[in-house]
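From first to last, the protein sequence lines are chains Z and C.
Reminder that position 410 of the first sequence reads as 410 in our numbering, one-by-one numbering, no gaps.
In our numbering, each residue carries its 1-based index in the second sequence increased by 495.
Take these hints with a grain of salt, some might be off.
[Said to hold, decoys possible] For lysine to any residue, the following SDA-like pairs were computed, each having C-alpha atoms within a straight-line distance of at most 25 Å: (1) K215(Z) <-> D320(Z); (2) K528(C) <-> A127(Z); (3) K87(Z) <-> E514(C).
Think of the hints as simulated: they come from the structure by calculation, not from any bench.
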Amino acid sequence: MKILVMQLARFGDIFQTWPVVKSLKRNYPNAELHFLCRKTFSGAISPVNCLDKILQLDVEDNINFILESTSNEPDTSKITNYLDGLKDENYDQIINLSYSPLSSYITSYISDEKTDVRGFTRHEDGALDIPDDPSALIYGQLGVYKFNRIHLTRLFSAVAGVDLLEEDWGVSEAILAEGALRITNLPKRYLSVHIGGSTSEKLLFAEQWSEILNKLAKSNPELSFVLLGSSAEKEFSNKIAIDDSSRILNLVGETKLTDLFYIIKKSKVLVAPDSSLLHIASLLDKQTINLSFSNVNFWETGPLSKNSFVIWNTQPSAIDIDQLASSIDAILSGRTVEGNHAKLNADSSVEAYELVGYEDHSFQWNLIKAIYLGESFPILDDMKVYTALKQLSELTDMVLRDLEMVRSGQFQNIQLEIVNNVDQLIHTLEKLVPEIRPIIWWFNTERLRIGPWDDQIVFDRNYEVFNQLRSLLAVYVGTTLIAPQVPPADEAPEL
Amino acid sequence: MKLSSFSEKELREQLLKLETTSKKILETSGYTKEAKKVLVLQELIREQLTNENISYATSKIR
Numbered sequence: 001m002k003i004l005v006m007q008l009a010r011f012g013d014i015f016q017t018w019p020v021v022k023s024l025k026r027n028y029p030n031a032e033l034h035f036l037c038r039k040t041f042s043g044a045i046s047p048v049n050c051l052d053k054i055l056q057l058d059v060e061d062n063i064n065f066i067l068e069s070t071s072n073e074p075d076t077s078k079i080t081n082y083l084d085g086l087k088d089e090n091y092d093q094i095i096n097l098s099y100s101p102l103s104s105y106i107t108s109y110i111s112d113e114k115t116d117v118r119g120f121t122r123h124e125d126g127a128l129d130i131p132d133d134p135s136a137l138i139y140g141q142l143g144v145y146k147f148n149r150i151h152l153t154r155l156f157s158a159v160a161g162v163d164l165l166e167e168d169w170g171v172s173e174a175i176l177a178e179g180a181l182r183i184t185n186l187p188k189r190y191l192s193v194h195i196g197g198s199t200s201e202k203l204l205f206a207e208q209w210s211e212i213l214n215k216l217a218k219s220n221p222e223l224s225f226v227l228l229g230s231s232a233e234k235e236f237s238n239k240i241a242i243d244d245s246s247r248i249l250n251l252v253g254e255t256k257l258t259d260l261f262y263i264i265k266k267s268k269v270l271v272a273p274d275s276s277l278l279h280i281a282s283l284l285d286k287q288t289i290n291l292s293f294s295n296v297n298f299w300e301t302g303p304l305s306k307n308s309f310v311i312w313n314t315q316p317s318a319i320d321i322d323q324l325a326s327s328i329d330a331i332l333s334g335r336t337v338e339g340n341h342a343k344l345n346a347d348s349s350v351e352a353y354e355l356v357g358y359e360d361h362s363f364q365w366n367l368i369k370a371i372y373l374g375e376s377f378p379i380l381d382d383m384k385v386y387t388a389l390k391q392l393s394e395l396t397d398m399v400l401r402d403l404e405m406v407r408s409g410q411f412q413n414i415q416l417e418i419v420n421n422v423d424q425l426i427h428t429l430e431k432l433v434p435e436i437r438p439i440i441w442w443f444n445t446e447r448l449r450i451g452p453w454d455d456q457i458v459f460d461r462n463y464e465v466f467n468q469l470r471s472l473l474a475v476y477v478g479t480t481l482i483a484p485q486v487p488p489a490d491e492a493p494e495l
Numbered sequence: 496m497k498l499s500s501f502s503e504k505e506l507r508e509q510l511l512k513l514e515t516t517s518k519k520i521l522e523t524s525g526y527t528k529e530a531k532k533v534l535v536l537q538e539l540i541r542e543q544l545t546n547e548n549i550s551y552a553t554s555k556i557r
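Chain Z on its own, in the form it takes in the complex (with noise of 0.2 Å):
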């Protein structure tokens, strides 16, 4: 059995991967396991030692050569003889845990109608085809602004279909003792903070992090602080200043990618961003604080080490100093940490992060769990949600009728138009009342993994997919799951 994993994001992204990796030698000993990446990102995968071949796709070279081509028409030579290296592999299974349109069209490329296809394909005619259940809910409910709590790490084990154990994670002696031989002086007790992040959004101001790391410390004297980010921060890195200079270590752009994992085992704990550090500091099960801000769905992308915790702000201005100083002093001693935070739940197969003092607005995240993972659908206490439920179940109703119609023989083409036309008052209703939104986009998603089959299989998986909705929707639609302040449904005023 031979096994492509497909990972064209990030740093951040491969380190999320490599549990996924392990596990599939450990439930496929026998397989020949190969890895894709970017080549800019290649050393992120290197320190995995189960793999039998890293294949690299060269981005700049790629497009280095398509630019400088003079001719009218593109010159696709190059990008052929790459592809068309990745299908003579004639792999048994790709699991594509990307989900970019490019990967999409890579792996349509090097698959055939016998490769087992895991995450974003392409169908037969060029549409995005979505082979699996967890790669739909990736498609449908991942994302910035978006409810879904499952960490990505779990969803990339379930579109490989794989558990994940302990023995997973970790990180070789090798590659930790790699570290100890080039970073000689690092000091007795320390922190390691990371001061940059991938985007400026996620970044703290230099006074910030200078009175954070003062603030420390004062109240840690035996601590000290060593600066960790890449060869660009380092002019900002130079901005950062404590009382006692002898207590930081500036670390910054002076780094290897392995000497990282070494740096962050021998720390306390790690201080970072939403950045490739903390997935490392995860592989290590390192504790570590992320300090996060709303341009990242910290449940999906946040700190897996035990005791690990997330303080999250919408954005870094955001940030009381006194109190982030006095949430991480509490966490380095075993105290409890007062301010709002989000700490590791290890017990939760589901949602890593259990939230303390922040108000948990969890209705559409239940939703989400109710849909996908089977459990209870969360009780309704807002009469402008059920207003648009039982409007969604109306339409839903109108089209079901039309669809029989359609079958029957009656009013074709008008009743196609009727089907279309819903979509948008769909749309408007998702737009209106965003506490909806998880329902829509997953019948939404359901609908767009309807291929380009033949008319009437078609037609016969959009009633299906129709007829879901009507019955998710009758569960808060003249049932009992309605607190006793929602009306019934024929008093519920219209929206």
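Knowing the structure of chain Z, use the given hints to seat chain C on it.
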């Protein structure tokens, strides 16, 4: 030659060329092997244009 030596304008021109070609192939021959190759190149270029820093892919690609 480094990727960064190309301007956004050049990337956009190339993207347009690729989009025109893929559209033509899809209309005349369907989603063929040739169409797939052009679409791969098209997406490679499109990703660069949506990124702040063209040396890196961003989470938008996921």
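Q) Taken at face value, is the distance from the CA of D320(Z) to the CA of K215(Z) at most 25 Å? A) holds (13 Å)
Q: Quickly compare the C-alpha distance for K528(C) and A127(Z) to 25 Å and report which way the hint goes.
A: Between K528(C) and A127(Z) the Cα gap is close to 14 Å, so the pair holds against 25 Å.
Q: For the pair we were handed, K87(Z) and E514(C), check the Cα-Cα distance against 25 Å.
A: With a Cα-Cα distance of about 24 Å, the restraint between K87(Z) and E514(C) holds, given a limit of 25 Å.
Consistency note: the structure conflicts with none of the earlier hints.
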